[in-house]
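Student: Work out the full structure, taking the sequences as your base and the hints as a guide.
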Amino acid sequence: MSNLITLPGLIDCHVHFREPGFEHKATLKSEAASARAGGVHTVCEMPNTSPPTVTIAALADKVRRADEITDCDIRFFFGVTQPPHLTTLIDLWTSDTEELKRLKKRCCGVKLYLDHSTGNQKVDMDLAEEVFAASGKLNIPVVAHCEDPETNNVASAANSSDDVSAHSKIRPAKSEAKSIQGAIALSKKYNAPFHIAHLSTRDGIELVRAAKKEGLPVTCEVAPHHLFLTEDDYDRLGTLAKMNPPLRSKEHLDALWAGIEDGTVDCVATDHAPHLLAEKRSGAPLDAPSGVPGVETALPLLLTRLDPDTIKRLMFTNPNKIFHLGKTETDDHITIDLDQEWEIHAKDLHSKCDWTPFEGMKVKGKIV
Numbered sequence: 000m001s002n003l004i005t006l007p008g009l010i011d012c013h014v015h016f017r018e019p020g021f022e023h024k025a026t027l028k029s030e031a032a033s034a035r036a037g038g039v040h041t042v043c044e045m046p047n048t049s050p051p052t053v054t055i056a057a058l059a060d061k062v063r064r065a066d067e068i069t070d071c072d073i074r075f076f077f078g079v080t081q082p083p084h085l086t087t088l089i090d091l092w093t094s095d096t097e098e099l100k101r102l103k104k105r106c107c108g109v110k111l112y113l114d115h116s117t118g119n120q121k122v123d124m125d126l127a128e129e130v131f132a133a134s135g136k137l138n139i140p141v142v143a144h145c146e147d148p149e150t151n152n153v154a155s156a157a158n159s160s161d162d163v164s165a166h167s168k169i170r171p172a173k174s175e176a177k178s179i180q181g182a183i184a185l186s187k188k189y190n191a192p193f194h195i196a197h198l199s200t201r202d203g204i205e206l207v208r209a210a211k212k213e214g215l216p217v218t219c220e221v222a223p224h225h226l227f228l229t230e231d232d233y234d235r236l237g238t239l240a241k242m243n244p245p246l247r248s249k250e251h252l253d254a255l256w257a258g259i260e261d262g263t264v265d266c267v268a269t270d271h272a273p274h275l276l277a278e279k280r281s282g283a284p285l286d287a288p289s290g291v292p293g294v295e296t297a298l299p300l301l302l303t304r305l306d307p308d309t310i311k312r313l314m315f316t317n318p319n320k321i322f323h324l325g326k327t328e329t330d331d332h333i334t335i336d337l338d339q340e341w342e343i344h345a346k347d348l349h350s351k352c353d354w355t356p357f358e359g360m361k362v363k364g365k366i367v
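Start counting the sequence shown at 0; every next residue gets the next number (numbering that gives the first Met the number 0).
Hints are computed from structural coordinates only; laboratory data are not their basis. Keep in mind that this is a model prediction, so the values were computed, not measured. Misleading hints may appear alongside valid ones.
What the hints assert, rightly or not - In silico PhoX-like links for lysine-lysine, alpha-carbon gap of 20 Å or less:
hint, residue 1, residue 2
1, 326, 100
2, 168, 249
3, 187, 177
4, 212, 188
5, 188, 211
As the list claims (entries may be wrong) - Listed next, with one range per pair, are the computed distances between beta-carbon atoms:
hint, residue 1, residue 2, range
6, 249, 90, 45 to 51 Å
7, 90, 340, 48 to 54 Å
8, 280, 347, 18 to 24 Å
9, 50, 124, 22 to 28 Å
10, 331, 361, 25 to 31 Å
11, 56, 344, 37 to 43 Å
Positions of the beta carbon are idealized from the N, C-alpha and C atoms, including for glycine.
Tutor: Spelled out as structure tokens, the structure:
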């Protein structure tokens, strides 16, 4: 007899669905289908599209597009790179107009890039502090991509290799730790709810663990690629293993799993970031775009290591609470056959990019 379990439709609080502006890579429709096939029924989509989600018009356009998607509840982060964007965010959060109240319901917080990544939305630290200050007053969830630009610039200048594995040296672990430390200090100063995106390092975990012991409003997520892949996988995957922050050594991977075990890690979020294979494989390896798909493969990967209750905590209960999504366990469910074992193959997945860094990995648990 099959070993069937049910979970609420999962939440992935960090995805890039590429629309508008990059529909050749992915669309809301294609990636929503991929999410649904992976048991993910709600996603929080990032602002680095074209145009970026830094104006009311851009947010309204995304909400309009998402209203046409019936198989996934898509929420959106607002971006801030210039002072007018913060002014607009504050208006969005405080306005009594029906239109802005409607859009606010679809906005799950503000995203800051503390160093450049896809979309070049790096924010000046003085402005970042203003965002934390506003967040503390208005209870706006702040999510940050934490890398220190000075540390990355020094490491990049010292690099002489053109191999893709150098990507992990150009954006070193100490860069993430320094950035997280500074951002936690701002969260403490302004009592701002702060969530660290795709945390990838042992020192980062230790900083979050200490912040939680201090009672600070600090949470974090880790991505499946940092839980299941290491720097050793560059030899096998080449540029398909390139993402920001980059892959780390096994000691960092082990620290992330320990953080899940002791509750330091609040969420697993995929940072689903599709690029076409042709884009990944053309030009110099270090110039390949950073990002990997993952929204459809997260659940079966996690089921190889974690019990269903832990997955529910990481991909439903905690993200629902952190980002005020208002989901209930009775909204909808997924049914999983835990006895089904299978291999991940891109040909069976639904993302428009048509590849996966987890090709051939043996997993268990099929949605039925």
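Student: In ascending order, which of the hints set out earlier in this document are inconsistent with the structure?
Tutor: Every hint satisfied by this model.
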